[in-house]
Structures are given as structure tokens and as C-alpha cells.
Amino acid sequence: MLGEYAAEDGRILAGGQSLVPTMAFRLAKPAHLIDINGIAALEKLNVENGSLSIGACVRHAAFHRPALAGPLGALLTTVVHHIAHYPIRLRGTFCGSLAHADPASEWCLVAATVGADITAISTRGTRTIAAADFFAGIMTTALAEDELLARVNLPVLSRDTRFGFCEFSRRAGDYAIAMTLATLRLEGGAIVDPRVGVGGAEAFPRRIPEAEAALAGRAPNEAVLRAAADAAAHAIDPLEDIQADAAYRRDLVRAMTRRALARACA
Amino acid sequence: MSGKHDLVLSVNGRDYAVQVEPRRTLVDAIREDCGLTGTHIGCEHGVCGACTVLVDGAPVRSCLMFAVQAAGKAIRTVEGLATGDELSVLQRAFMEHHGLQCGFCTPGFLMLVTGVLEREPDIGDEELIDVLASNLCRCTGYQNIIKAVRAAAQELRTK
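Taken in order, these protein sequences are the chains called H and E. Counting from 5, one number per residue, gives the positions in the first sequence under my numbering. Counting from 823, one number per residue, gives the positions in the second sequence under my numbering.
Note that these hints are calculated values from the structure, not bench results. Possibly wrong hints are sitting among the right ones.
Lysine to aspartate or glutamate pairs mimicking EDC-like chemistry, simulated, CA-CA at most 20 angstroms apart [said to hold, decoys possible]:
no.	chain 1	residue 1	chain 2	residue 2
1	H	Lys33	E	Glu843
2	H	Lys33	E	Asp850
3	E	Lys981	E	Glu942
4	E	Lys895	E	Glu908
5	E	Lys826	E	Asp850
6	E	Lys895	E	Asp837
7	H	Lys33	H	Asp150
8	H	Lys33	E	Glu866
9	E	Lys826	H	Asp39
10	E	Lys981	E	Asp952
11	H	Lys33	H	Glu149
12	E	Lys895	E	Asp944
13	E	Lys981	E	Asp947
14	E	Lys969	E	Glu948
15	E	Lys895	H	Asp150
16	E	Lys981	E	Glu866
17	E	Lys969	E	Asp947
18	E	Lys895	H	Glu149
With the Cβ distance kept under 7 angstroms, some of the chain E side facing chain H (calculated, not the full set) [what the hints assert, rightly or not]:
no.	residue
19	Glu866
20	His867
21	Gly868
22	Ala880
23	Arg883
24	Leu886
25	Val953
26	Leu954
27	Ala955
28	Ser956
Covered, in the sense of this in silico footprint (three residues per stretch, anywhere, with C-beta under 8 angstroms from a C-beta of chain E), are these stretches of chain H [to be verified]:
no.	stretch
29	25-34
30	84-90
C-beta: ideal position from N, C-alpha, C; glycine also.
Could you put the whole structure together from the sequences, leaning on the hints where they help?
Written out as C-alpha cells, the structure reads:
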């Protein structure tokens with residue numbers, strides 16, 4: 005159906021918790037909505053071949069309790085409580101958040117940081133897009149108009165992976181003005197495989213290589229974590245809006261990164 | 823596809839045959855087509871929670887769902903809480919603890935909490951406060967709503 009209606013402004017409707025408000029404001033006026041709710045094949049949430057597979061109709065609330073044992077399950081449960089509010093989390097979907105690609109989306113940050121694989125299907129075939137190639141701008145992705153984001157695969161994190169998440173927003177459940185997700189391992193007192201993702205601060209979430217380089221191989225002490233946070237603050241190209249100007253956003257990124265790293269190393 | 827659809831909405835156990843355009847939100851259908859005006863419309867974009875109803879037991883914003891999506895599902899609204907003249911435990915607690923002033927947000931809060939306590943009867947205090955942050959109340963300052971909900975949760979657990 006999407007193949008048929010895409011050219012006539014057809015859109016997929018999953019949870020509708022972002023699309024329907026934008027329709028209420030007349031910012032989006034899709035001519036056709038294709039409701040994918042109730043398609044059992046899209047509700048699958050399972051671990052296969054070392055990754056957590058999240059179908060297009062899996063709701064945020066599926067992560068209120070850990071969906072799997074280990075650090076990835078704990079990470080998703082920590083993050084989900086920052087997404088909007090309870091009734092919104094019962095309807096909104098993980099994959100829908102990625103397709104919508106709001107710069108302040110927590111799930112987009114998770115996908116970018118842990119390195120998700122995003123599967124898009126259309127009548128032309130199936131393809132997998134790496135998270136690093138998926139986000140293209142504010143609410144803009146690599147998805148073509150006739151492609152359905154069918155599932156997202158997150159790599160299962162090793163048992164010894166540590167994580168820290170920190171978000172700043174004006175009110176509980178409100179959009180993030182800046183947030184950082186960090187994952188790393190500690191081996192012999194040194195930081196190994198650090199990943200530092202920043203969201204809410206730029207047009208789309210991404211890993212910050214400058215911050216990761218400041219951590220790799222070093223001891224997780226206060227000075228090192230501060231240096232990484234400073235590197236992240238300098239590396240970003242901050243969004244400016246009514247909530248925060250560039251200088252303030254940089255400052256928030258510094259604070260969020262330092263706190264996320266402190267939580268990961270605690 | 824802008825013609826009207828014939829569908830049956832089951833609200834509080836009663837079937838309502840309605841004719842709606844696909845773009846009709848569930849809250850508009852409940853109020854205008856079913857004539858049940860206990861569910862209030864506030865912001866119409868999912869922020870305030872005044873329009874919260876239960877759909878198959880889940881509290882949802884009925885301004886963010888289309889009526890056609892609710893066909894065949896069990897919808898419950900504030901009109902379905904009391905049994906005859908007897909208020910539900912939660913409704914009585916709201917009255918006893920002054921959990922409302924102007925009353926505009928009250929149907930949404932009652933349906934939100936009714937749904938949450940049915941789904942998670944042993945929910946902790948902290949989580950309950952997180953849940954109550956879902957809806958806006960501009961009168962009470964929330965303290966009396968929290969008192970009412972805690973009292974109701976306790977009474978329902980000991981029942």
C-alpha cells in the first residue's frame with residue numbers, strides 16, 4: 005500500500021504520538037495514512053544472533069522493565085523513563101521515533117550510540133542502514149518515501165559494558181535540550197571501547213569521536229572525564245532555539261557528558 | 823478516502839454505531855457522535871491528558887487516536903466508573919482528599935489512574951508520581967491528587 009500511496013503523500017501511522025500532534029497543528033497534512041497497528045509480525049521483540057530485534061509496532065512501554073538481561077536491557081529501561089509520559093509510552097513506538105528523527109529523541113540517541121542496524125522494506129526490496137548513515141538532519145532520514153522502517157536491531161552489549169545516561173529538559177517528560185549516552189568497559193584500570201553519543205544539541209544525534217579519543221586507554225579519573233566532556237562541548241555544532249542559545253547548549257553538553265561518564269564509571 | 827466510515831464503538835460496554843470521517847479523533851467521536859461529554863478536550867495535541875480514556879485497558883490520549891482505530895476495542899470513559907449512584911474507590915478518594923477544584927482535568931486523571939492501578943496494582947510511590955506527571959492540573963498543585971491516589975491504591979490493595 006505504501007508503494008501505491010507514497011507518491012501521493014502517503015505516510016505510515018504507528019503509535020501516532022508525534023505524527024498526530026503535528027497533524028493537529030496542520031504542520032503535517034498527509035493525504036493518506038497507512039495504519040500498521042495490529043500487524044503481529046511487526047510486534048516482535050526478541051534476541052537473535054547477538055542483537056535485540058525491535059519490530060515497528062513495539063511500544064516504548066515494552067522497555068519499562070528490562071527486555072533482556074544484561075547492560076542493554078538496563079540501558080533501555082533507564083532511558084525509557086525520560087520519554088514523554090506513561091500513556092504516550094503505551095502508544096508510541098521505538099521504530100516510529102527513529103523514522104520521525106526528532107533531534108531530541110532518546111531512542112535516536114541510543115541507536116546512534118550503540119550502533120543500530122535499521123531495516124527498511126519496500127516493494128523494491130529490503131535494505132539495512134547503519135545508524136551512522138541513517139540520520140540526515142532535523143526530522144530527516146535516509147528512508148525513501150516508499151520505505152517502511154520494519155525493525156531496528158541493537159547489538160547486545162557485553163556483560164562488562166557500563167553505561168551512563170544524562171538528560172536536561174525543562175520539565176519531566178519534555179523534549180531534551182541536551183543529553184549524553186556513554187558506554188564503555190574498564191580493563192586493568194583503563195577505559196576500553198568508549199562510545200559517547202550526544203543528542204538534542206545538534207540536528208541529529210551522533211557519536212563524538214573527539215570525546216571518545218579523550219577517554220580511550222586512560223584511567224577513569226575526574227580530569228579525564230572532564231577533558232572528554234570539554235571535547236564534546238567543543239566538537240558540537242549546536243542548535244539554537246528559544247530554549248537555549250549555542251553557548252548554553254555547549255555548556256549543557258559539557259555537563260551532561262561529564263555526568264553520563266561519571267555514572268558509567270561509578 | 824475522505825468519505826465516512828460506518829463503525830461500532832464499544833464505550834463502557836455499550837455499542838454505539840457511528841459514521842465518521844477517517845480523520846475524526848477518538849475524543850471527538852466519543853463526545854460528538856456518542857454524546858458522552860464527560861471526557862474533556864484540552865490541548866488537542868497530547869500534552870495535557872484531559873482526554874485520557876482506557877482502550878483495551880490502556881490509558882491513552884484520545885486526541886491522538888483516530889476513531890477508526892478504536893473500532894472493536896473496549897473503550898472506557900469516566901461515565902463508566904461509578905456503579906449506579908455508587909462512586910468508584912478512586913472517585914470517592916478524589917472527593918474525600920479534595921483532589922479536584924474546577925474539575926476540568928478530573929476525568930482524565932481518573933481514567934489515567936484507574937488504568938494504571940488495574941495494570942500495576944503494586945506500583946510504588948515514586949512511579950505513581952511519575953505517572954501523575956502525565957496529566958496537567960492547574961488548580962490543585964497535585965498534592966491532594968497524590969493523596970487521593972495513594973489512599974485509593976491502598977484501599978484497592980487491601981480489598
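Hint check:
Simply put, Lys33 of chain H and Glu843 of chain E have alpha-carbon atoms about 15 angstroms apart, close enough for the 20 angstroms limit, and the pair holds. The straight-line distance between the Cα atoms of Lys33 of chain H and Asp850 of chain E is roughly 19 angstroms, inside the 20 angstroms bound, and the hint therefore holds. The hinted pair formed by Lys981 of chain E and Glu942 of chain E meets the criterion: a straight-line CA distance of about 15 angstroms does not exceed 20 angstroms. Taken as a hint, the Lys895 of chain E and Glu908 of chain E pair is broken in the structure, with Cα atoms around 26 angstroms apart against an allowance of 20 angstroms.
The suggested pairing of Lys826 of chain E with Asp850 of chain E holds, with an alpha-carbon distance near 14 angstroms, which does not exceed 20 angstroms. The suggested pairing of Lys895 of chain E with Asp837 of chain E holds, with an alpha-carbon distance near 11 angstroms, which does not exceed 20 angstroms. Note on Lys33 of chain H and Asp150 of chain H: the hinted pairing holds, with a Cα-Cα distance of about 17 angstroms set against a maximum of 20 angstroms. For the proposed pair Lys33 of chain H and Glu866 of chain E, the alpha carbon gap of about 16 angstroms is at most 20 angstroms, so the pair holds.
Between Lys826 of chain E and Asp39 of chain H the CA atoms are separated by roughly 17 angstroms; this keeps the pair inside 20 angstroms, and the hint holds. The hinted pair formed by Lys981 of chain E and Asp952 of chain E fails the criterion: a straight-line CA distance of about 25 angstroms is larger than 20 angstroms. Distance hint between Lys33 of chain H and Glu149 of chain H is fulfilled; the C-alpha atoms sit about 15 angstroms from each other, no more than 20 angstroms. Distance hint between Lys895 of chain E and Asp944 of chain E is unfulfilled; the C-alpha atoms sit about 26 angstroms from each other, more than 20 angstroms.
Of the supplied pair hints, the one linking Lys981 of chain E and Asp947 of chain E holds, its CA atoms being roughly 19 angstroms apart against a limit of 20 angstroms. Only pairs whose Cα atoms come within 20 angstroms are accepted, and Lys969 of chain E paired with Glu948 of chain E is accepted, the gap being roughly 13 angstroms. For the given pair, Lys895 of chain E sits about 30 angstroms from Asp150 of chain H by alpha-carbon distance, which is inconsistent with the 20 angstroms threshold. With a C-alpha separation of about 37 angstroms, the suggested pair Lys981 of chain E and Glu866 of chain E falls outside the 20 angstroms cut-off, and the hint is violated.
Restraint check for Lys969 of chain E and Asp947 of chain E: the C-alpha separation of about 11 angstroms stays at or below 20 angstroms, so the hint holds. Annotation: proposed proximity of Lys895 of chain E to Glu149 of chain H is violated, straight-line Cα distance about 31 angstroms (limit 20 angstroms). Checking Glu866 of chain E against chain H: minimum C-beta separation of about 5 angstroms stays under 7 angstroms; hint holds. Interface restraint check: His867 of chain E against chain H, minimum CB-CB distance 4 angstroms, threshold 7 angstroms, status holds.
Here the hint on Gly868 of chain E is kept, as its CB sits about 5 angstroms from the closest CB of chain H, short of 7 angstroms. Using the Cβ-Cβ criterion of 7 angstroms, the hint placing Ala880 of chain E at the interface with chain H is satisfied: the shortest such distance is roughly 5 angstroms. Restraint check, Arg883 of chain E versus chain H: the minimum CB separation of about 6 angstroms is within 7 angstroms; hint holds. At a threshold of 7 angstroms, the smallest CB-CB gap from Leu886 of chain E to chain H is about 4 angstroms, leaving the interface hint in force.
Contact between Val953 of chain E and chain H, as hinted, is supported at the beta carbon level, the nearest pair being about 5 angstroms apart and thus within 7 angstroms. For Leu954 of chain E, the interface hint is violated, since its Cβ never comes within 7 angstroms of a Cβ in chain H; the closest pair sits about 9 angstroms apart. Given the 7 angstroms rule on beta carbons, the hint for Ala955 of chain E holds: about 5 angstroms separates it from the nearest Cβ of chain H. Because the closest C-beta pair between Ser956 of chain E and chain H is about 4 angstroms apart, less than 7 angstroms, the hint holds.
Only when three residues or more bring their CB closer than 8 angstroms to a CB of chain E does the claim for the stretch 25-34 of chain H stand; here the count is 3, and the claim holds. Against chain E, the stretch 84-90 of chain H contributes 3 residues with a C-beta closer than 8 angstroms to a partner C-beta. That satisfies the three-residue criterion, and the hint holds.
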